[in-house]
Amino acid sequence: MDKGLIRRGIRRCSTGQFLAWLTPWVAMLGFGVLAIGLCLVKGLNQTNMDNRFAFGLWIFLDLTIIALGAGAFFTGFLLYILRREELRAVINSAVVIGFICYSGAILVLMVDVGQPLRAWFTFWHPNVHSMLTEVTFCITCYLTVLAIEYAPIMLKNRQLRKVPSFLVFEFELHKVMPVFAAVGTFLSFFHQGSLGGLYGVLHGRPFAYREGFAIWPSTFFLFILSAIATGPAFVLLTTWMVSKVARKELVRKNVYSLLAKISGWLLIVYVGFKSIDTLVWLNRTAPLSGVSPIRFYAWAPFDIWLLFVEIAGFGLLPALIFLSPARRRSVPWMIAGSLLACAGVATNRFVMTIQTLAVPTLKFEPFMLYYPSWQEVATFLFVVAYGVILYSLSFRYLTLFPQERDLQH
Amino acid sequence: MFPGIYGFAWDAGHIIFLGIFYVVLMVVFATIAVAMRRAIRDSRTSRAEALRWHADFEDLPERWRRCRHELAGEIENRTCPNAFDCRHCVEHPLFVSARNGRPLPEGEPRVAGFEVPGDRLYHRGHTWVRPDPEGLLTVGLDDLGAHLLGSPDMIELPKVGSRVVANGTGWLAEKSGSTVRVLSPVDGEVVAVGAGDEGWYLKIRPDPAGSDMRHLLSPAEARPWMLREIERLQMAIATDAVGAALADGGVPVEDLSEAIPPERRDDVYGAVFLNV
Amino acid sequence: MKNRAWLTFAVGLLAALGGGWFAVPWAMYRRSEQPVQFSHRVHTSEAVGLSCQDCHALSDGGKFGGIPRLETCAPCHAEPQGKSADEKRFINEYVAKNREVQWLVYARQPENVYFSHAPHIRLAGLKCEQCHGQHGTTDRLRTFERNRISTYPRDVEGYSLVRLQPSRWNEGMKMDDCSRCHHERGVEESCLTCHK
Amino acid sequence: MNTAHKPKARYGMVIDLDRCNGCGGCAAACAVENNVPPAAPKASDRTGLTWMRIYRAENGRSFPENRTAFFPISCQHCGAHTPCVSVCPQNAVDINPETGVVSQIPPRCLGCRYCMTACPFHARYFNWSDPEWPRDMENALNPDVSVRMRGVVEKCNFCHSRWQAAVAKAAANGKREIDPADYVPACVEACPTEAIAFGNLDDPRSEVSRQSRAPNAFRLLAKLGTDPKVYYRSDRDWVRRMGDTDVAYESEASRG
Chain A
1 MDKGLIRRGI
11 RRCSTGQFLA
21 WLTPWVAMLG
31 FGVLAIGLCL
41 VKGLNQTNMD
51 NRFAFGLWIF
61 LDLTIIALGA
71 GAFFTGFLLY
81 ILRREELRAV
91 INSAVVIGFI
101 CYSGAILVLM
111 VDVGQPLRAW
121 FTFWHPNVHS
131 MLTEVTFCIT
141 CYLTVLAIEY
151 APIMLKNRQL
161 RKVPSFLVFE
171 FELHKVMPVF
181 AAVGTFLSFF
191 HQGSLGGLYG
201 VLHGRPFAYR
211 EGFAIWPSTF
221 FLFILSAIAT
231 GPAFVLLTTW
241 MVSKVARKEL
251 VRKNVYSLLA
261 KISGWLLIVY
271 VGFKSIDTLV
281 WLNRTAPLSG
291 VSPIRFYAWA
301 PFDIWLLFVE
311 IAGFGLLPAL
321 IFLSPARRRS
331 VPWMIAGSLL
341 ACAGVATNRF
351 VMTIQTLAVP
361 TLKFEPFMLY
371 YPSWQEVATF
381 LFVVAYGVIL
391 YSLSFRYLTL
401 FPQERDLQH
Chain B
1 MFPGIYGFAW
11 DAGHIIFLGI
21 FYVVLMVVFA
31 TIAVAMRRAI
41 RDSRTSRAEA
51 LRWHADFEDL
61 PERWRRCRHE
71 LAGEIENRTC
81 PNAFDCRHCV
91 EHPLFVSARN
101 GRPLPEGEPR
111 VAGFEVPGDR
121 LYHRGHTWVR
131 PDPEGLLTVG
141 LDDLGAHLLG
151 SPDMIELPKV
161 GSRVVANGTG
171 WLAEKSGSTV
181 RVLSPVDGEV
191 VAVGAGDEGW
201 YLKIRPDPAG
211 SDMRHLLSPA
221 EARPWMLREI
231 ERLQMAIATD
241 AVGAALADGG
251 VPVEDLSEAI
261 PPERRDDVYG
271 AVFLNV
Chain C
1 MKNRAWLTFA
11 VGLLAALGGG
21 WFAVPWAMYR
31 RSEQPVQFSH
41 RVHTSEAVGL
51 SCQDCHALSD
61 GGKFGGIPRL
71 ETCAPCHAEP
81 QGKSADEKRF
91 INEYVAKNRE
101 VQWLVYARQP
111 ENVYFSHAPH
121 IRLAGLKCEQ
131 CHGQHGTTDR
141 LRTFERNRIS
151 TYPRDVEGYS
161 LVRLQPSRWN
171 EGMKMDDCSR
181 CHHERGVEES
191 CLTCHK
Chain D
1 MNTAHKPKAR
11 YGMVIDLDRC
21 NGCGGCAAAC
31 AVENNVPPAA
41 PKASDRTGLT
51 WMRIYRAENG
61 RSFPENRTAF
71 FPISCQHCGA
81 HTPCVSVCPQ
91 NAVDINPETG
101 VVSQIPPRCL
111 GCRYCMTACP
121 FHARYFNWSD
131 PEWPRDMENA
141 LNPDVSVRMR
151 GVVEKCNFCH
161 SRWQAAVAKA
171 AANGKREIDP
181 ADYVPACVEA
191 CPTEAIAFGN
201 LDDPRSEVSR
211 QSRAPNAFRL
221 LAKLGTDPKV
231 YYRSDRDWVR
241 RMGDTDVAYE
251 SEASRG
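Chains as they are written, first to last, in my numbering: chain A, 1 to 409; chain B, 1 to 276; chain C, 1 to 196; chain D, 1 to 256.
Derived by calculation from the structure, the hints in this document are not laboratory data. Each hint should be verified, as a subset may be incorrect.
Counterexamples of contact, computed for chain D against chain A with all Cβ distances above 12 Å [claimed, not checked]:
1. Glu58
2. Val184
3. Thr193
4. Asp203
Residues on chain B that point at chain A, a partial pick, calculated with CB under 10 Å [said to hold, decoys possible]:
5. Tyr6
6. Val28
7. Val34
8. Glu49
9. His54
10. Glu58
11. Arg63
12. Asp207
13. Gly210
14. Ser211
15. Met213
Note that the Cβ used here is the ideal one computed from N, Cα and C, for glycine as well.
From just these sequences and the hints, can you work out the full model?
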């Protein structure tokens with residue numbers, strides 16, 4: 001039925017099968033719309049956030065998906081600026097994933113703030129000393145860049161490219177793509193960093209506060225590093241998942257191992273800096289704020305194990321897997337490594353967001369936990385469903401993996 | 001955000017932060033503007049056809065982009081980097097001069113049942129061009145192409161007096177619901193159009209400077225190429241259920257398209273006529 | 001063909017600009033007339049000789065009396081002083097029936113603004129005209145415009161959203177106007193100076 | 001921001017914890033003065049609104065040595081590295097240089113709650129629901145304080161409307177300096193044990209400045225370096241130690 005939209009020579013399931021695949025996701029999307037509607041109409045009392053847990057599940061997951069979406073800018077950087085041509089095999093997919101991650105995060109943020117209609121205030125009256133201002137500016141700019149990068153992928157659709165002006169525009173847009181890759185890299189660099197800076201500057205929160213260079217706390221640089229280390233791993237993971245769902249090879253093995261290798265090297269650098277930073281923080285920064293670092297880990301369930309799991313289990317371990325040539329020859333090992341790396345970035349964002357708020361600052365305040373309400377979870381499921389649907393449509397009708405056709409035989 | 005708005009101050013923070021922001025915006029919009037301007041220029045100067053071919057070529061699978069010298073057995077493995085346009089190829093003259101004037105083996109004029117006459121030059125999109133005595137060029141579908149399209153359901157030929165460009169659209173043919181863009185082998189002005197049953201489709205007046213036809217295959221090159229094409233066609237037709245189904249030797253059936261499973265037809269046309 | 005494209009573009013541009021500059025602002029405000037027409041010029045003229053403070057007084061506590069109540073007007077207007085129909089109606093409808101006029105206040109500040117006349121008049125020595133312009137010499141009370149969304153009078157929002165020229169008195173009492181004057185005079189202008 | 005002027009005043013508080021009996025009168029007076037709405041139907045002690053919150057601290061000993069102290073905590077009006085001011089993305093928070101009061105302007109607030117994560121005193125509150133007053137109680141709202149809408153952050157501003165009224169009153173009399181008696185926050189007025197002193201910390205003759213220099217005076221989380229303008233006093237050692245972040249304390253914490 002929709003054969004005319006699918007690229008020649010590419011095998012896709014039947015329209016019926018595709019609709020059947022979409023149905024549960026659309027249902028999930030509808031469920032999310034309900035939750036979002038409740039939050040927008042009735043207010044944020046629909047969530048379980050409170051005055052102490054002013055940030056909750058949403059901010060944690062936003063930071064996580066933005067870190068995972070770093071694959072888009074970093075792959076673009078490696079391909080267009082450093083000329084790693086092998087990555088052309090995944091760049092389109094990485095751009096779509098980046099677009100989904102960033103637009104999804106912004107969507108959730110719009111539900112998360114108390115007065116979404118005032119979102120433009122940050123642009124009109126920016127406080128240029130706030131990390132959040134930097135994040136807002138960079139993320140919106142970068143989403144624009146991602147949309148521009150998405151455009152040529154869409155214009156390559158079999159029907160759209162029949163229109164001569166689309167075809168010519170796509171061709172010319174593709175030629176200037178390195179400029180957008182560079183701008184995207186610049187913007188991503190700053191907002192990934194600012195997201196870390198968001199917490200690092202909180203000198204009222206000794207658990208999060210870090211010293212740093214110039215105006216940036218060390219978390220600024222650690223967030224950048226962890227994002228670009230995990231980005232390729234997430235691209236690897238999604239490519240593998242898509243090839244499992246579509247039941248076909250999408251890229252050559254060497255692309256997997258290249259992504260794993262890049263991720264591995266960056267992870268090892270990250271783990272190194274993160275360890276140094278943790279030691280400095282525990283032995284110098286925190287005591288200067290009047291806190292004995294043991295206090296941070298005095299409460300279950302966020303004991304000291306979380307710190308070790310984050311650095312060793314989800315940082316060092318995947319790095320070692322990725323850096324071993326023998327493991328890199330095995331797809332299951334690379335997938336395991338990617339899962340660990342992605343879990344690592346999620347844990348880091350979780351610790352910075354949730355644990356920072358859980359650990360009390362005043363002595364007579366208790367350690368606190370919070371459980372998200374179904375509305376919060378459903379809002380996030382909306383983003384997941386939105387991402388799956390947009391990706392599925394893109395995968396079916398656009399060329400996300402140029403090597404797919406070659407690998408069919 | 002802007003000077004004069006409450007909260008704005010001419011201090012280092014504002015100047016640096018907003019300065020960078022505006023620079024980024026300007027770079028983004030300027031780059032888009034450049035791309036748009038070039039796109040408009042391209043559309044005006046009818047470069048669209050050439051660009052379409054380049055874009056299509058980029059999207060062809062690598063195993064379809066083999067260099068003609070690989071097909072002729074002169075080199076082991078070479079992917080064409082020039083969109084099958086040997087006129088701009090740096091290496092093509094080197095290959096030719098490496099032959100030291102020795103012609104390639106002529107081969108049989110009949111390849112696996114398909115005619116490859118020696119009086120014409122062949123384009124990789126299964127068209128040929130034959131110089132006429134009066135200085136015009138006749139363009140038609142080669143035997144494989146003609147067998148595949150059989151008698152097309154619909155055909156859209158260019159207007160007499162219009163220009164065609166090499167690798168650009170020669171004419172459009174519709175067969176069993178799929179549209180095929182048949183590529184023109186040469187540049188020039190269309191002076192007459194005919195139908196497929198006359199054995200030719202277009203008569204073209206070459207540009208005054210004469211037509212450069214270095215990118216076209218000589219009959220000697222076309223014969224091994226045709227063999228490869230039949231292989232490729234078989235690959236394209238092959239589904240998981242049905243293996244290769246073309247006759248080996250003998251005369252192929254008049255309308256090959258009937259032999260192709262309907263759901264594969266569109267892909268096969270794309271593969272043979274180099275349409276993405 | 002080319003001309004037609006340009007014409008379409010020009011018409012579209014004009015429509016968009018017209019919509020932005022005139023139609024939207026027009027639709028955004030609800031217009032109403034004051035319950036009674038009133039001439040400031042007559043009252044401040046030499047014949048009558050009133051000053052602003054005679055009717056818009058500042059109380060001892062520094063609170064602005066603001067809009068005069070019936071008791072301010074009634075002593076003079078128990079009987080018609082002139083021949084205007086408005087005055088007759090004022091006497092019949094309000095003075096005779098002892099009903100307060102529901103004046104529409106052009107300069108009513110938004111709910112979150114704290115403004116006291118006292119520091120501005122007593123300490124800074126500002127003249128009424130500084131902020132209210134020539135309101136005291138007008139012949140008629142202008143049509144009152146109220147923002148349908150914010151419910152604030154148009155005067156406090158300014159007459160155009162983006163103002164390219166420096167403030168004129170009838171450009172409203174926007175936060176920018178207050179802050180500019182504070183800035184020029186070296187008076188503090190943090191949020192809480194004026195907001196409550 | 002104009003910094004040419006020498007700050008006129010630096011208003012602060014000294015709360016004598018040995019006098020505080022945790023009655024909550026300050027919080028109630030504050031809510032009435034500042035139009036803090038009654039708790040929304042589903043609000044908990046974690047989502048409710050109060051500009052002044054009274055925490056209970058215990059020394060952790062068992063009977064008969066167990067002791068309790070109450071910490072009334074409002075915005076501490078930090079003077080240096082103010083955590084919330086620098087993080088607000090759109091300048092909804094600033095410090096009034098005339099009074100040293102940290103402001104929070106609800107109509108400018110986006111409701112991102114970044115300032116709440118930044119505040120170590122948990123003194124900022126978010127309007128999780130639409131404010132609702134019982135019928136007729138709306139008539140009792142204080143006209144000098146704007147009511148806040150859903151989705152914005154609010155907090156103590158030392159009853160700034162009272163300062164504005166005092167300034168207007170002084171100006172009406174042609175004076176630039178306010179009479180200290182005219183500017184007293186509602187909580188200070190309401191405290192039955194007169195545990196709270198309020199005034200200009202920079203005025204060496206003021207009661208508040210004298211008390212803030214007392215040997216038993218301390219500030220919460222002083223090592224964070226935020227220079228709060230709310231001081232606490234206690235003669236009890238364990239209570240004074242409660243103000244620190246240091247780990248060396250023996251009591252089990254709980255709160256009220």
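Status of the stated non-contact between Asp203 of chain D and chain A (beta carbon gap over 12 Å): holds (28 Å)
Chain A contact restraint for Tyr6 of chain B - C-beta distance below 10 Å: At about 7 Å, which falls below the 10 Å cut-off, the nearest Cβ of chain A leaves the hint on Tyr6 of chain B intact, so it holds.
Cut-off 10 Å, beta-carbon criterion: hint that Arg63 of chain B touches chain A: holds (6 Å)
Restraint check, 10 Å cut-off on beta carbons, for Met213 of chain B near chain A: violated (26 Å)
Evaluation of the interface hint that places Ser211 of chain B against chain A, nearest CB under 10 Å: It is violated, given that the least Cβ distance between Ser211 of chain B and chain A is near 25 Å, above 10 Å.
12 Å Cβ clearance of Val184 of chain D from chain A: holds (27 Å)
Glu49 of chain B as chain A interface residue, shortest Cβ-Cβ below 10 Å: Holds: closest Cβ of chain A sits about 8 Å from Glu49 of chain B, inside 10 Å.
Least C-beta distance between Thr193 of chain D and chain A, which was stated to exceed 12 Å: holds (20 Å)
Hint check: 10 Å Cβ-Cβ cutoff, Val34 of chain B to chain A: holds (6 Å)
Hint check: 10 Å Cβ-Cβ cutoff, Val28 of chain B to chain A: holds (6 Å)
Status of the hint placing Asp207 of chain B at chain A (closest C-beta pair under 10 Å): Because about 23 Å separates Asp207 of chain B from the closest Cβ in chain A, which is outside the 10 Å limit, the hint is violated.
Whether Glu58 of chain D stays farther than 12 Å from all C-beta atoms of chain A, as the label says: violated (8 Å)
Hints 1, 12, 13, 14, 15 from the earlier list are contradicted by this structure; the remaining hints agree with it.
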